[in-house]
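Based on the provided sequences and hints, a complete structural model is requested.
Under my numbering, the residue at position 93 of the sequence shown is numbered 134, and the numbers go up by one with no gaps.
Every clue listed holds true.
Straight-line C-alpha distance at most 20 Å; calculated EDC-like pairs for lysine to aspartate or glutamate:
id, residue 1, residue 2
1, Lys210, Glu166
2, Lys300, Glu264
3, Lys202, Asp241
4, Lys130, Asp169
5, Lys82, Asp94
6, Lys300, Glu249
7, Lys82, Glu104
8, Lys303, Glu264
9, Lys308, Glu280
10, Lys130, Asp91
11, Lys214, Glu166
12, Lys202, Glu166
13, Lys210, Asp173
14, Lys277, Glu264
15, Lys97, Glu81
16, Lys214, Asp173
17, Lys303, Glu273
18, Lys303, Asp291
19, Lys130, Glu166
20, Lys182, Glu198
21, Lys182, Glu154
22, Lys210, Asp169
23, Lys277, Asp299
24, Lys308, Glu269
25, Lys130, Glu100
26, Lys202, Asp169
27, Lys308, Glu283
No lab work stands behind these hints: they were computed from the structure.
Every value quoted in this text rests on a predicted model; they were computed, and no experiment measured them.
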Amino acid sequence: MHMLFVKKIHILLVLSMLLLSSCAYQKEYSQVSRSGTLDEKYNFAVKAYDKQDYRKAVELFEELVPLYRGKDILERLLYNVAYSYFYEKDYFMSAYYFRSLTRQFPNSQYLEEASYMSAYCKTLESPDFRLDQTATVEAIKQLQLFINYYPNSRRSEEAGKLINDMREKLALKAYNVANMYYRRSLYNAASIAYSNFLKDYPESNVREQALYMMIKSRFLYAENSIKEKQSERYAKVIEGYEAFLRSFSDSKYRKEVDKYYKESKLKKI
42 MHMLFVKKIH
52 ILLVLSMLLL
62 SSCAYQKEYS
72 QVSRSGTLDE
82 KYNFAVKAYD
92 KQDYRKAVEL
102 FEELVPLYRG
112 KDILERLLYN
122 VAYSYFYEKD
132 YFMSAYYFRS
142 LTRQFPNSQY
152 LEEASYMSAY
162 CKTLESPDFR
172 LDQTATVEAI
182 KQLQLFINYY
192 PNSRRSEEAG
202 KLINDMREKL
212 ALKAYNVANM
222 YYRRSLYNAA
232 SIAYSNFLKD
242 YPESNVREQA
252 LYMMIKSRFL
262 YAENSIKEKQ
272 SERYAKVIEG
282 YEAFLRSFSD
292 SKYRKEVDKY
302 YKESKLKKI
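So, in structure tokens, the structure goes:
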């Protein structure tokens with residue numbers, strides 16, 4: 042019982058010290074943010090950053106950035122504020138400050154890291170493939186620039202993997218658009234969209250399905266065409282079938298595409 046009582050007292054003492062420390066920290070922040078000198082604000086911002094209190098760090102660093110323009114300390118300030126935003130998961134602002142660092146300090150000791158982080162933040166901004174992909178396109182552009190500038194960097198391999206991930210997302214977006222045309226029975230638009238997808242994303246994970254859907258769309262488009270146009274449109278089905286066989290002769294769709302091929306051969310005549 043005695044040991045248990047002592048342990049409880051110890052825990053209460055630790056909690057009390059933590060509470061007092063927290064109150065003192067908050068009081069110091071209030072004083073510094075209201076009336077502190079530049080040095081005091083900078084030192085507290087660094088303290089907040091080290092304590093992983095990135096919200097307070099951002100507030101003070103943001104205030105200091107315009108006041109330190111033209112001074113050597115600005116380089117470290119931009120670096121810290123960029124990472125503060127990063128840890129706060131504000132990737133747009135983080136990318137902005139990493140980019141600012143690379144532009145204002147082209148000879149910075151952080152140049153390679155900041156260039157990569159700017160691009161990496163763009164990948165974290167990249168939304169679900171069903172949404173607008175402007176951030177995804179920008180991420181690919183920045184990642185490729187990083188690889189071009191730093192081909193031997195340890196981060197280049199990771200940048201390459203991220204590019205593949207971003208391209209697959211763009212591929213899914215394009216594939217989803219083609220599927221939308223198909224569901225609306227716009228078979229010509231669907232077949233064109235699938236064809237463009239196959240040209241633009243030859244390494245996509247859904248290439249097999251896209252090729253199958255292109256053939257199916259071409260067949261349905263030919264079926265629903267006026268008689269004078271059917272022959273040339275069935276010929277496109279046959280052309281797609283031959284491309285399918287070259288890549289996916291053992292496909293689970295083989296039986297169905299064989300059927301489209303046979304019917305197109307008969308009706309093309």
